[in-house]
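From just these sequences and the hints, can you work out the full model?
Line by line, the protein sequences are chains A and B. Residue numbering for the first sequence follows the working numbering, beginning at 1 and increasing consecutively. Residue numbering for the second sequence follows the working numbering, beginning at 738 and increasing consecutively.
None of these hints come from the bench; they were simulated from the model. Warning: the hint list may mix true and false statements.
Stated by the list, open to error - In silico SDA-like pairs for lysine to any residue, Cα to Cα no more than 20 angstroms straight-line: (1) A:Lys552 with B:Asp907; (2) A:Lys639 with B:Asp907; (3) A:Lys255 with A:Glu321; (4) A:Lys328 with B:Leu768; (5) B:Lys850 with A:Pro731; (6) A:Lys442 with B:Leu953.
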Amino acid sequence: MTVTETIKVNLTPRELEEARRRLGREPNQTELGMIDIMWSEHCSYKSSRQILRKLPKSGRRVVVGPGYDSGVVDIGDGDVIAFKIESHNHPSAIEPYNGAATGIGGIIRDILCMNCRPIALLDSLRFGNLESSHSRWLFQNVVKGIADYGNCTGIPTVAGEVEFDESFETNCLVNVACVGVGKAENLTLGRMDRPGDIIVLVGGATGRDGIHGVTFASRTIHEESELDRPAVQIGNPFTKKVVVEATLEALRASKVTAVKDLGGGGLTCALSEMSSKGGTGVEINLEEIHVREQGMTPYELLLSESQERMLFTVTPEGQEEVLRVFQKWEIPYSIIGKVTDTGLLVAKYHGRVVANITSRLLTNSPLAQRISRRPKTKHVKKVLRRPVPQNLSDIIYRLLSQPDIASKELVYRQYDHEVGVRTVLKPGDADAAVLRIIGADKAIAVKVDCNSSYCHLNPYDGHAAAVAEGARNVAATGAEPIAVTDCCNFGNPENSEVYWQFKEAISGIAYMLNGLKIPCVGGNVSFYNEDERTGRAVKPTTTIVTLGLIEKLSHITSMALKKAGESIILVGKTFPELGGSQYYRLINLNGGRLPHPVASKERASIRTVIEAIRSGYITATHDCSKGGLAVSLAEMAIKGDLGLTFDLGAVPHASTMRIDEILFSESSARFILTTPQARASKLLSLARKRGVPAAKIGEVTESNYRITTNRKELVECSVERMREVWRGAIPKLMEMA
Amino acid sequence: MKTAVIQFPGSNCDLDVLHILKDILHVEADLIWHRDFEGSDYAAAVLPGGFSYGDYLRAGIIAAHSPAVRHIKEMAREGKLIIGICNGFQILIESGLLPGALLRNQGTSFICKWVKIRLETSQTPFTKNIQKGTILNIPIAHAEGRYVNEPEGIKELRENNQVVFRYVNDHGDLTEDGNPNGSMDSIAGICNLDRNILGLMPHPERASEPILSPFLDSDGLKILSTLTQT
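The structure is reproduced here in structure tokens:
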């Protein structure tokens, strides 16, 4: 009997054969478990590596690109920003509170590894419709998990997005991003370069939790998934906070040569990735690990995914100084081995070699051969045939209470978004959060975006639109978009139609990034977001985190209307593009033509807005997206507690568009800006110079939201009532029994 | 003499307070690890916000029993100034330096929000420069900030003029909707009988620079700046 018959592995026969060939022998049981973990989809990116290569990853500001714990971007004066996003979908779908909480824990460590201080968290969440009690349970507990964990770590949760769609009923999506700030000269990379360095395991004690968490995440959710609950780790935010501070203090001693977090794949993943990147090997003694359960086998010690652990390499001379830091913070640690020059990962247990395997064998999995096939079902490009609704103000109120549009205050009130004294534009203030860099006249803007309905109708255009929206969102605050990181959430890649969606998505993202000259500095891929019972996958969703740089604090711009009498300018042209729109969803219309983003147009609109903001005469900016012009203007009025009036006839639009199409189309490349009346013509000539359609469509008033068409009154809404329905919609749904 | 900002494991707002003291107010201040803290070195001390010891057992209770708080008590006896903000207020209550209790918010959730508080007395070293009745814009961020006390205790606080701040609505009135966490008597901050210890749930350090305020003001500085005059 071979060992491969004694433990259950997820490796395919072909992969097993390849492992034996590279090893030149039969792996023992421990080694087999290590290979199984490292060659899982989660650790190896075996289905996605070949596709992700299409993304542009270089640029003058890129300091560290994909392949490390997080991407790092230069923001001038020696300051750098590290940022990264990760999914925690599978654990959250089974155990929402702890699943979401540990998602934050992991992403914080990724920033920390680069020697950057985590300064912001963002969360991108997707659930089924709130009419379902299961969705409400997931929503409530995911948010509470993020709040309880994030708040305790002292890192503000500054921005995010929430979408509701039945495709996320079983498989909710929980993507969490972290942003850190540091100095270029102090960066560390998770790489073991120096044989002889001491390896120290720091933080929480190792237990049996989370064993095979990544193989669990590399499967679809099925009826027995409830039994996988032990594969969800339990986080401890207090330990995390202490680990964060101790790590930063230890790094200041500059005797630390590398740091890496222990996440998916545990010690096996960290040791093999760090040594294989540095071209070195490791020798470790497993009995030295501080444990919280007795009798753990070498297999369990190597594969445990217990939370709040970090792996350090330290110079032998610096060992004492670094250990003193951990002693001060009363963090448990153990010296578990040393870096070697052999290229081998050698694990011993009480002197006996239990694994002896080349690091690169583990980190360089064979690529999976995946087939991609365009789905047969074509989405019909429907034409809207029903008549224009009589009562348009009623439609506007109802759109404002659509959960995707309605205020997410219920969520962000529970998050400490102020700690760190950096948050200038807070949740709900603007299209992106803005954090100042303390001690400098500059700030960063961050936002996470995707529109799953678009991506479902057309993964290429939908994902290109997500990139464009992210860039517009940071630009609206006065920031130059300088880099993105992405998080792919798809169904089973072994399904050829899902794989086609993935390939299309990445091509769409690459198209828009290239067009806007923005690099992608890292990412995360989550497959198998699929309900095994129904065979239904989530709508394809790659969330895009966009980082923007604001050169001067005086450029920071929010979305609230500021003053009655100011002019409202619409930048960009409106087309009859309502496929996937909130309006179609409200009136139960599927399909249709979705916004078609064109990189050159996006670029021109964005440049216009940034230039205008930098000139100092823009008082409010909002990108025009979900719910279209009507909703975006309503949001600006609600925020500013002012009214407005605008004329549909003035809106630059394609010929023969209906009133409701002009109001609710979600065409890309559009912004709404306000400016003092005297400066309106200046803004319009700036747009003209750049070839961007733009027009003055109305002005800010003291109260009431009015739409006219050719000076005839079309709609009149009370801003007070708009605020009520917009703020009350989600709390009302959550109160349902 | 210097001001100490005491750092417990789990403190969150330590660096924020330090930033305001050193970079904005140009006060001599040290961030000091709780084990290394000696009261005799300092004229004033700040217990910053956060989740000291992870809020295990009850917010603030573990720190309240630390040697650092023994030093705080000594400083208080000597008449030195002590401010406890948020978790720091919880520690002052748990250590018996301030009366009452801070319980889970009404509505149970964590709340992060800019609120309005009204100054109820100028007769403390921390508020001597602010006129009684002044409304301050300031954010709160806590899950356990609902101030409660026995009816007798509330009465004593009133009689002794120990209520320093109350939550009010946008118009400066004491109303239910102006009271974000359900505190008794809308209490947001109190002082001790000797008036040299101030505890408050809102975060003055987050309201000390116009750029961070939705109202472009720096009301928190009015409180923290009194530490420069020690």
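request  = If any of the earlier hints don't hold here, list their numbers in rising order.
outcome  = Number 1 only.
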